[in-house]
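> Single-letter residue listing:
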Amino acid sequence: MNPELTERAFAPTAPYRVGREKVREFARAVLATAPLHYDPEAARAAGFADVVAPPTFPIVIAEATLQQLLAEPDAGIDFSRVVHGDQRFTYSRPVVAGDELTATLRVTSIKTLGGNSMVTSESAMTDASGAHVVTSISTLVIRGDES
Amino acid sequence: MSLLDGLEVGQVVAERAFPLTRDTLVRYAGASGDFNPIHYRDDVAAAVGLPGVLAHGMLTMGFAVQPVIDWLDARGWVSDYQVRFTRPVVVDPQVGAVVTVTATVAVLEDAGARIDLSAKVGEQTVLGKAQVRVTAF
Chain E
1 MNPELTERAF
11 APTAPYRVGR
21 EKVREFARAV
31 LATAPLHYDP
41 EAARAAGFAD
51 VVAPPTFPIV
61 IAEATLQQLL
71 AEPDAGIDFS
81 RVVHGDQRFT
91 YSRPVVAGDE
101 LTATLRVTSI
111 KTLGGNSMVT
121 SESAMTDASG
131 AHVVTSISTL
141 VIRGDES
Chain Y
148 MSLLDGLEVG
158 QVVAERAFPL
168 TRDTLVRYAG
178 ASGDFNPIHY
188 RDDVAAAVGL
198 PGVLAHGMLT
208 MGFAVQPVID
218 WLDARGWVSD
228 YQVRFTRPVV
238 VDPQVGAVVT
248 VTATVAVLED
258 AGARIDLSAK
268 VGEQTVLGKA
278 QVRVTAF
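Heads up: the protein sequence lines correspond to chains E and Y, in order. FYI, the numbering for the first sequence is 1 to 147, going by the working numbering. FYI, the numbering for the second sequence is 148 to 284, going by the working numbering.
The hints are simulated quantities; they were obtained by calculation from the structure and are not laboratory data.
Stretch by stretch, here's where chain Y covers chain E in the computed footprint (C-beta under 8 Å, at least three residues):
| hint | stretch |
| --- | --- |
| 1 | 40–53 |
| 2 | 58–67 |
| 3 | 83–97 |
For lysine-lysine, the following DSS-like pairs were computed, each having C-alpha atoms within a straight-line distance of at most 30 Å:
| hint | chain 1 | residue 1 | chain 2 | residue 2 |
| --- | --- | --- | --- | --- |
| 4 | Y | 276 | E | 22 |
| 5 | Y | 267 | E | 22 |
| 6 | E | 111 | Y | 276 |
For each residue, glycine too, the CB sits at the ideal point set by N, CA and C.
Extracted from the complex, chain Y is given alone in its bound form:
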């Protein structure tokens, strides 16, 4: 089935909960090369006035688009992706954090669609203007 068949504005195409632990942050630090200690050291986070160790914004941006890629299932690709980092994700050393991502069709285009993402911890939104442009192969 082609990407655009039956697609409607407002349709939720994917939803996924991402449980994060400190291990997730250390793995992202290593893979990305971003070793800012506010992402793994409580003492450094506290010293700069943060409420705790934070997930890298780029980690949140990185996984938030994954439900869209799974939905695409190689019928298209992500040709544009943007987010605004509106609220930090605090990752507790014991219980971690859970970010819930919902992907909704916002605009239908000739060769694809704009999918808007909602990323929340509890009721609080952590990404603003999170927009993915998908283009059919």
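So here's chain E without its partners, still in its complex pose:
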């Protein structure tokens, strides 16, 4: 792992438009049953403009930033050795259909432990007005040669 990744500035991703059918598709895939993920009327009754994305939906957008990280030629990350260690989503407000989200990657820590490397990165997502919506924080474990 290249420790200098923590100082690198990554370009924001192209805006991701959250679609109503995509929210429904993702909700079905995570076995969600609550009506506000599927029914715009139920979402409006709860005070939202449109269907609400499940809490882990932003991983779809964060994925694009993780690809930026893995694509850095000097990152030293072998994708076949990568395991997802932990994951967190910290919200300012829920994601709803119609949002246009832009994600910016930051590598916050790189540690080496017993031959494995652990890289923690944050994808901060803002809406079209520039307001923060959610930050996805991922720790990837890159297994060493011996494990």
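Mind docking chain Y on chain E? Use the hints.
Just chain Y now, kept in the frame of chain E:
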């Protein structure tokens, strides 16, 4: 009834068993865009030394919070959610796997609560430090 009325630390607010099959994994692959073949090909899983095809960690994280959302019943929202992936969930091609989720009140806060999740296959825990912060509307 408001979210916090009568809520007590240690109270189990939701419990649900999630039967997973290979279909569940393929559906999640398509919806999420994570097409890593260890989640649908036995030969690839075996070649990299895994005990079988695994559920995506993000699939497990994704459904484990659903009992909390159903319990919330639009009285609040999930403002923070974190997990540690401690043990892979092997999904057998014939019998699948069942993950049982229990959601327990851990901390009461001014505007909401921290709910801790237990996610198990049989007696084995598959998620660590699985914490959901719910905030009342």
